Structures are given as structure tokens and as C-alpha cells.
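Residue-level listing of the chains:
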Amino acid sequence: MNFLLEIGTEEIPHWMIPGALSQLAKLDLFGAAPTVDATPRRLVVRATGLPERTPDQEQLVKGPPISAGDKAAAGFAKKQGVGLSAMQKVGDYYELRKQIPGRAVRDLLAESLPGSILGIQWAKTMYWGAKGSPRFIRPIRWIVALLNDEVIDFEVAGVKSGNLSRGHRVLANRQVKVDYDSIEAVLRANSVILSAAERRAKIETEARALGATIEPELLETLTYITEFPAAIKGDFDPAYLELPAEVLTMVMRHHQKYFAVESAPGVLAPHFVAVMNISGDPDGLVKRGNERVLKARFNDARFFWEVDQKKKLADRVEDLSHVTFQAKLGTYLEKTTRVIHIVGELGGGPDAKGAARLAKADLTTEMVKEFTDLQGIVGGLYAKHQGEPKAVSDAIYEHYKPLSMEDSIPSTRAGQVLAIADKVDNLREFFRVDLAPTGSKDPFALRRAAQGIVKIAVEGKLDYSVEHFAGKPDGALYDFLLERADYYFRSQGFKYDEVRAVLNTQVRHAGLHYIHQRLTALAEIRPTPDFEPLAASFRRIQNILKQAEFKPQGPINQPLLEAGPERTLFEKYQQVSAVARSSQTPYRKALEEIASMRPHVDAFFDQILVNAKDQIIRENRLTLLYNILKEFSTIADFSEIVTSGDQK
Amino acid sequence: MDSFQETILKLKHYWSEHGAIITEPYDVEVGAGTMCPETFLRVLGPKPYRVAYVQPSRRPADGRYGDNPNRLYKHQQLQVILKPSPADVLDLYLASLEAIGIDLSKHDIKFEEDNWESPTLGAWGVGWQVMLDGMEITQFTYFQQCGGINLDLVPAEITYGLERLVAFLQNVDSVYDIEWTKGVKYRDVRFAEELQFSVWNFEMADVERLWRLFGEHEAECKSLLAQYEKYSDKHRFPVLPTYDQVLKCSNLFNLLDARGAISVTERVAVIKRVRDLAVGTAKLWAAQQELA
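Note that the protein sequences, when read in sequence, are chains A and B. The first sequence begins at 284 in this note's numbering and counts up by one. The second sequence begins at 13 in this note's numbering and counts up by one.
For the record, the hints were derived by calculation from the structure and aren't laboratory data. Remember, predicted model here, so these are calculated numbers, not experimental data.
Interface residues of chain B toward chain A, partial, derived using beta-carbon atoms under 10 Å: (1) Pro-81; (2) Leu-116; (3) Phe-123; (4) Glu-125; (5) Val-138; (6) Asp-145; (7) Asp-185.
For glycine and all other residues, C-beta sits at the position ideal for the given N, C-alpha and C.
All chains, full assembly: derive it from the sequences and hints.
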């Protein structure tokens, strides 16, 4: 049988719709696979091949012991709603094979759907009736629930299920009868495109044809705030192009949800593309209205730009003493002083220091007060306009980067150092006053800051270790940074055991960029045949030493080494360590060398008894193993590598 | 083309036809129509209520000496409360736009998520900003909490920004060019007020005196709040005058803010002082509603 569910609501916030759909895609439909789709006003689930009934089942119910007598058995039978004759004697007990008839799927769905609907998890819910009434993301206004042609009867939040959907709020504001086969066509005839993919494609095609630069995030937003999208092109006075493209684009994209139009890559044209939720604009009224709004917005921006130029960034630095950084942490002027100092600590040059001095001054500008997301960018633009060196203005422009794990790092060295210093200051200060992130709470985005630092150091190939940032190799901040480094490396595709193998060693004191190189080499050599078995051997060594409670007493006593596997292993160890230790040896080569020890380690364990009767010999063998482990653990902690043997 | 006042009259008429009590603006300074007792207090308790009124709303910091075509120290809101919210509330709202001459088939209407929160009132709700051809013309909110109290019946609040809406309808770029009535512009009626209040709000209001007034109204409010418990005939207890004191404090806070007299750190503390008064008053009102 075919299943159709449509939850009709008032307009759902666009960004929550995909999450709700992925939950509905897991709806239990008796083996049938749900397909889901949505517009801002409806969440739709469809499935085919549902059974009419669930199968009959037999349940075994254990009764009283036979020794309890017929009376007890009769009582039991009565309770179960059967006659005594239905009971069987099995062993010492009565037993009842109870027949549980299957049930109509329609009835089962009528029972389960209200809970499934109200059980959808949302970031924020509301109630719209009396106190204690059901909560949902927005009021539920209609429900279509059908199994073939029959309504699955239920009520949720005061709304009875039926077979009536609704058309577009303005273009076809009426109830329309739908079923599994007809819903898309009926909705389309009533100015609703149910398929998000189709709306997305329609917006993209039309907007492109009008010259829009497609921004994926905006495209997604528009897909889920329209039921019947259509793109139109509008114009603005080219005189506004004097304003920085970043400001114009920000106003268009974020405030007005318009696509920008470029005449050449990176060059804005005096047009925009808006996406309407109606089919057309024959009289040009929508175009005119949007142009009017944009003009007012651009006027504001121009006004801010002009007012802001009356006072240079350099003259605004002192004003930062009136801008609070954080209640417990003083002002942005104090922060500026600290960041300049950290830039020095990190070896930044005059450009980075100059940029650090001006970096926060844009917080006092009208432009940033209005367009908060443009902080840094505005500072960079103003610095450039006010004749600061390019290295300085570029560094300011990019110093909040990277804004996410996907975002790029600042493109200049001064920008990278400033971006790190700014974030390091955040971390040090918030940790100092006990405002470190806890659990899922990270109100000051410190995790993002720490990951940003790691990303810049690695991708900028900068020679900074975690200690450079944390100040000392212990304490909460140090651990936090290591943990975020771990997270960063794993997000780059390294396996958790590889990351641990490297970060567990002294290597963690090395530069983050260097750690990254080591991880790369480790990941490369991992698939080679000798590597994982050797890692397993290393763990074996570790276990042996642990069990023996071994404490190193002195160097290896060479004459005591037995000819054969023991001596061979020792010689191989010496040879490999000479190569591996040399700073001339690339890390990859060192790892290959170590891996080449595998047959010798295997032979040693096969043929040599570590726990020799002679205590001196036993001590010497343990010393040999200890030295091997210690020597090569500086390269990576091989015992951390999870081998295929472990997984069995 | 309708004048400013004709549009207002049509909206009032429309909501009157839909069962709303039409009241005149509240006579104490407020920053938004939400703060009037007709909204803030009436949404509390289980009694259904429908009301609509125009409320001139003062936001001292938004003043621009009459220079800015879109920003005003005092703008006018048409505020509608429908408690409880009917199931067709959005259709009712859209029909009100048609009632003032907007042909919805030719305009782009979108409901974009916009949740409302007033820290000074201990109130929040969820809803949308209604966008007409890219311009926000209305704030639509389902209140969830007021004065820190979960509401018995969720009302819908519809707040039309009248200047913007009419500037749009009349296709003028500046609110000052709106035709208020035949032969009279918005400028003729309101410019002097915008200019003079900007001067006073930003340049001349005596900060010490404002603080003192804030303290006086706060003290009166606290004193009243403290007396409720022991007051014998609770029906007579002046909760409404107590609430006026909250409004006075809220407006004084806004004035001090515009004057630059409240530092960022102080701000949170002062907001809390006002919220405590608002929450305290809301509790008394709710308690009074429950009296037989």
C-alpha cells in the first residue's frame, strides 16, 4: 500500500527543515522506505509497499506448575481469556500458545503518527494554544495522512488528519484534495513546487541566466523560504560601486538575501538578483520595491563610510578604552596591547605589529556597528583607504580568518601571525578567568579559535609548537590546545590512532607543521606490509616490560647477547637507529627503516626466551627491548596503532 | 493612493470588524506597543482578549535630528493582540494588507524567522518578520512568556511599522515625504519633534537628573510591590500604577543610553533592575487576575 503524510504548518525557519527531514526519513513504516520532501509550509513523507496488516504471531505464555492443580490452571486460563482446553502441559508446567492476530497497519499508524510528528527534534519549539498544549516548531494547521485512498485517522495538536492539503498562501490559498499519486501534480497546479531539488534547480538556473553569482548557502536558504520561487533582476545606481564590494555584497546577501551580479570575476555590476515567492512580476512592482529597499540600505552604508572617514583608524585606537572586550577582561585597548605583545613573542615583524595596533579600531566605526559580520574586513578596507602599508591593511582584513575549518587561512605572513596572536590572546585570557568551554557550551567560540590557530600554523608552515601558545607544557590550556590539534588532524583525514601515536610522543613539543609532516609519513607507510605487525610487536614489548616491572639499570651488555636472533636484532637496532636518528633522514625513510626491523623482531620473539632463568641474561634482554622501544618511540608511539589483529 | 491617516483608519476598521477593541495610544512613554499594559499585562492570565491600537514609540537612540529618511526617534506602530491566536491568523493578517490596497498577487510576501525577546520585560516569543518586496513591514510574534511567566493562552502579536508601510504604499523614499492627509506631509507634522527631541536626548538631557528620576520611579515601584502582600482588599491594589513606574524606568533607561551615560558593563545591571520591576509587577497582575 502507498503511504502519504503531509504535516502542514506555518512557515518553518529554513535552516531547520533539512534536519527535520532526516528525522522523518527514519520513520518506521513496516519495512517500507520513506522518501521525504518539504517546503516552508509542509513536511511530506511518502512510501510505497506497506503491508495491509502485520503478520499474525504466536506467543508462548508460561502458566502455573501442573502440581498447582486444575484450579490454578483454570484461573490462569480465565485471566488469559481462553478455556482450560487451550492449555497444554509441557514438562512440569502448563503452557499457553497464545495467538496474537496481526493488526491493520492503518490502525497502527493512527496510533504511532501523532507521537512521531510531535517527536521531531527542533532547535527551538513553541506552543500556540493553551499552556501545556503540544509544542512544535510552528503551529500545525493541517495533516494529510493516507494509506492508499483511506485516511489514517488521528488528531495531533487539535488538528484532524484528512486528505486535504493547501495551495500557495497567496497564489492558491485553498484546500485541495491530494493522494499519494497526485500530490506533486495537485500542488504544482496550486503554485507549490514540493521538491526542494526542483526549487533549488529553478532558482539556480533562473538566477544564473540573470547573471547572478551563485552563493551556495544563500541558494539553500532561498530554496527553503519559497514554495514557488522565481528570480528577478534589479538594478542600483552605479554610483554605489564606489563603496567596497565587500560591503555591497554583505548588504545584498545577508540583509536582503539577493545574489550579487558580477561583470567580471571579482567585479560587481550595478545589479542584483532577488528570488520571489510568486510566479512573476509583470508590472515590475516587486523589482521596484526591492530596488527601493536596497537603495536605502546602500545609503546607510555610504553614510557610515563617510562618517567613519572623519577619524582615522590610528586615531580610534585610544577610543577602544571605551569598548569592553569582556566584563572580566577589560577593554579592547588592553586587548590590543596584549596582542601586540604576543605578536612580538611569536616573532612577528613591524607589519604584523602595526596591524595588531589597528586591528580592533574598526569596532568603533559606524559601519561595523551596523554590519558586525564585517569586523576586520572593514578595518582592512579603511586602513588601505587611509594609506597604511598593504601588508598592514591585508593583515587586518584577514585577521579573523579562518572562520571555520573549511575557511582559508590569512594569505600573508603578517596576517597569519596577527590572526594567531589575536586568538591566542582570547584563549589565554578566557582560560585565565575560568571561562574555558565546558561540555557543549562554548560561548566565546574558543574551540574554533584553537582549531584556527592549529590550522594556520600547519597550513602556513609556521614553526610554532603548542607550547608557544599555551606558554608552558602543562595545564588546562595546553591540554585544550593539544585536544583541538588532535581534532584538527582527525578532520584532515588522519586516523585517531595515528594522531595519538604522534601526539603521545615527545613530538608533541615540536612545531605543529612538523607534527603534520610526521602524520603524513605515518599514514603513508601504514599500508605497507611490515608496518602493522611491527606495531603489534611494539605493544608486545611494552606489555613484557610492564609485566616484568622493568626499570632500566644500565646499558646493554653486548657480550651477553647470544649469537643468532638476539644479536641480529641488536645489530639491526643499532643500524636502524643510526639512520633514524640522523637529522638528515626524512621522517618517511626513518619509518621505513624501523618497519624493516619486523622480521628480526619476529625472529627474536619466536626463538628467544626473554624470561631466561639466568637473571642477568633476562635483565639484559629486557634492557635490549627497552632500548628499542625508547629509541623508536621518539618517532611515533607505535603501541598506539590499532592493528587488524586488535579488531578481531 | 491613501494618505497616512487613511491607511491607519482602514487598519483600525479592519481589526474592529474582526472583533478587536480599538483603543487610543497609551499615555506613558514606551519604546514599543508591546510595552503598553494593553499588551504586556493583558496577555497574562486566561481571559481571551482582542485589541488594536496605534502606539507612538520612543527610541531616543534612534533619533537622527530629522536628517535620516528612514530612522526616527519616535515612530508609530499599529499593534494588534489576538488572544488566543485563531488558526487562520496569518490569513487574517494577509487580508489586512489587502484591505489597505496591497494586491498580494503582485507582490512578494515572505515570512522569515525572527524571534523576539525583550530582556527588560522578561518576555520572549517566536515568529517572523514579514517581508514585502524585500522590506520588513511587520513583526509577527507568538508570545511564549511575559514577565517571566509562561502564558496561559498564547496570543498572536502583529506589529505594523506604519511609516515604512505607508512610505512603501505611497512609493516615497523618505518618511518625511509621506502624505499625512491631503496637502500635509509627515514632515509638517513631525519634523520639529524629531529635531528637538534629538537635541535634548543627545545633547541636553541632564544625566544626573535622569538617574535621579530613574531612582525615584524605581523606589516607588519597589515600594508598591512590597505592599501587595499585606494589602487586604487585593482587588483595589494599584498594580496598573505600579506598572506605569516600570514604563517610566524603561524610558529613562533609554534616555540615559542615548546620552551615552551607561557603560557596557553597567548596562546589563540596569537592564536587570528594570526587568526585576517588570517581572514583579507581572506576577502581581497575574495573581490579581486569579482572584474570584
